[in-house]
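**Q** Residue numbers (my numbering), protein chains in the order written: chain A, 49 to 297; chain B, 174 to 482.
Check before you lean on any hint, since a few could be wrong.
Restraint ranges, calculated between C-beta atoms of paired labels, are given here [what the hints assert, rightly or not]:
hint : chain 1 : residue 1 : chain 2 : residue 2 : range
1    : B       : GLY216    : A       : LYS291    : 51 to 61 Å
2    : A       : TYR61     : B       : LYS446    : 22 to 32 Å
3    : A       : ALA77     : B       : ILE183    : 41 to 51 Å
4    : B       : GLN291    : A       : LYS200    : 38 to 48 Å
5    : B       : ALA356    : A       : ARG274    : 25 to 35 Å
6    : B       : LYS367    : A       : ALA284    : 19 to 29 Å
7    : B       : ASP344    : A       : LYS291    : 46 to 56 Å
8    : A       : ARG232    : B       : ASP344    : 32 to 42 Å
9    : B       : PRO476    : A       : VAL113    : 34 to 44 Å
10   : A       : VAL113    : B       : GLY216    : 28 to 38 Å
11   : A       : ARG96     : B       : ASP280    : 44 to 54 Å
Bear in mind the hints are in silico, worked out from the structure with no lab data behind them.
Glycine residues also receive a C-beta, built at the ideal position from the N, C-alpha and C atoms.
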Amino acid sequence: MKVLVPVKRVVDYNVKVRVKSDGTGVDIANVKMSMNPFDEIAIEEATRLKEKGVVTEVIAVSCGVLQCQETLRTAMAIGADRAILVETNEELQPLAVAKLLKALVDKEQPQLVILGKQAIDDDCNQTGQMLAALLGWPQATFAFKVEVADGKANVTREVDGGLETLSLTLPAIITTDLRLNEPRYVTLPNIMKAKKKQLDNFKPEDLGVDVKPRIKTLSVNEPPKRSAGIKVADVAALVDKLKNEAKVI
Amino acid sequence: MTSLVIAEHINTDIKPATLNTVTAAALCGGDVHVLVAGFNAGGAAAAASKIAGVAKVIHVEGQHFAHGLAENMAAQVLAMATNYSHILFPATASGKNIAPRVAATLDVGQISDITKVQTPDTFERPIYAGNAMAIVQSLDATKVITVRTTGFDAAATTGSAPIEVVTGQADSGKSTFVSSEIAKSDRPELAAAKIIVSGGRALGSAEKFNDVMTPLADKLGAALGASRAAVDAGYAPNDWQVGQTGKIVAPQLYIAAGISGAIQHLAGMKDSKVIVAINKDAEAPIFSVADYGLEADLFVAVPELTAAL
């Protein structure tokens, strides 16, 4: 069984982004880019399924600029067998990405697509669910534990008050949450091997998808700043401030 | 223009998130309808009918709606979608799970996690863990939206809307609910709590987290939260995590003990009205957002605080 794992190239999670003073966006020139952390977890999970013998092939996919190839090489160094880049310089929003992925799913016929639950740049949390709807497949989002056997995926998911377990008939979509697994460190030999793995290149037009954005960004601004706080000397001073100044207790 | 709010509920009652979502819907202009789809959900429908500003409650019954499975919920919303210009879900685990299925099937974009409604087609939403706020305009005729509940006040419960019972769509049959482990607690729910006390990795163990933080939470009638590091280390359950990809909270009072204040944690609590930080490390980033900072060992300061209250 094949599994498809989409991965996104995003600003590295350690970077504190700066909002441009002209209000047009966030300054990402020369900023460190990395694979979206949730997508790393997705590649790791797919690789573990392969190591368990449940999955025969892991295909990594990325949509975006040419440099996404680096993200795909990292995915192949973790464990993807081959990769596909859908190359475009256009702004890609989740609906467009879901349509591109659907076209690839129709070509590759995987039984499972594992995605990160959200990208840490746009924080949309939509692509996996949108893809599931376009395909008419069931979904299990925010996965904490995944078991695949006998044509079904048993997924325990993180929900607001705790955990919930669902059983999905394959083919299905799973999106990963933080504690599903801890991705392995990429070793140098695997990085070298990844350079030789197959990486195919498509354009959105080749897949017959219109990627025009549906949501226009009018401006990007800094969030409201909190006024500077004070240090209190001891617990007694803190309690006094909370009761008499802030009046929250 | 009419808005449909998909209620967050537990069948016997609605959850607070629904109230904030109704407020957001009202700001979009036009009438607001609320969909309650569940199993033996009469209590939730009755509660929804009391929300001020709601013109109609639509109550759909079915065993296959009992656990809010995304495939079934989305199919139900889609069967009704042509009547609405705006379809809003609270940005809870449930709302986030279902909304994009509706958007994609309608072939429209989704605006996630709105914090403000500027006009019926323009919204504010956080990006980059809330380090930037974007004003975005939807170019689609139908707007599918998830609402960050901390961005909107809860609607009052002084209304009395009619309840229309409607036959539900069929079970998709592709997913089955197996089981759940939902913590039962007398504490307020984290996402809606007025006071939250939150612990970090410095607590060192699940036992110490409980011993130190629980009495403080009890004294204050507070909900308990945790940093990602504390949850990863097993000191607190997953659903206590406050942060960019965990719970987003904005209580009247947030007390962070032993939390350094990573960007991703701040993303989840920096809109709190009053922030208190208790940390041994004078350089901890949490102090940059704290209204009151106490540089102290939490193992001494937190019990002292609990006793002083």
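**Q** Confirm or reject the claim that GLN291(B) and LYS200(A) have a C-beta distance inside 38 to 48 Å.
**A** Roughly 45 Å apart at Cβ, these two residues keep to the hinted range, so it holds.
**Q** Using the C-beta atoms of ARG232(A) and ASP344(B), is the stated range 32 to 42 Å upheld?
**A** 40 Å, holds
**Q** The hint says 44 to 54 Å between ARG96(A) and ASP280(B); measuring C-beta to C-beta, is that right?
**A** 35 Å, violated
**Q** Given the hint of 25 to 35 Å, is the C-beta distance from ALA356(B) to ARG274(A) inside that range or not?
**A** Hint holds: Cβ distance 31 Å, inside 25 to 35 Å.
**Q** Is 19 to 29 Å a correct range for the gap between the Cβ atoms of LYS367(B) and ALA284(A)?
**A** 23 Å, holds
**Q** When you take the CB atoms of GLY216(B) and LYS291(A), is the distance between them in 51 to 61 Å?
**A** At 38 Å between Cβs, range violated.
**Q** Does the Cβ pair VAL113(A), GLY216(B) satisfy 28 to 38 Å?
**A** Because 52 Å falls outside the window, the suggested range is violated.
**Q** Using the C-beta atoms of ASP344(B) and LYS291(A), is the stated range 46 to 56 Å upheld?
**A** 54 Å, holds
**Q** Holds or violated: the 41 to 51 Å window for the beta-carbon distance between ALA77(A) and ILE183(B)?
**A** 48 Å, holds
**Q** Holds or violated: the 34 to 44 Å window for the beta-carbon distance between PRO476(B) and VAL113(A)?
**A** This hint is violated: roughly 54 Å between Cβ atoms.
**Q** Given the hint of 22 to 32 Å, is the C-beta distance from TYR61(A) to LYS446(B) inside that range or not?
**A** Since TYR61(A) and LYS446(B) have Cβ atoms about 28 Å apart, the given range 22 to 32 Å holds.
When held up to the earlier numbered hints, the structure conflicts with 1, 9, 10 and 11 and fits the remainder.
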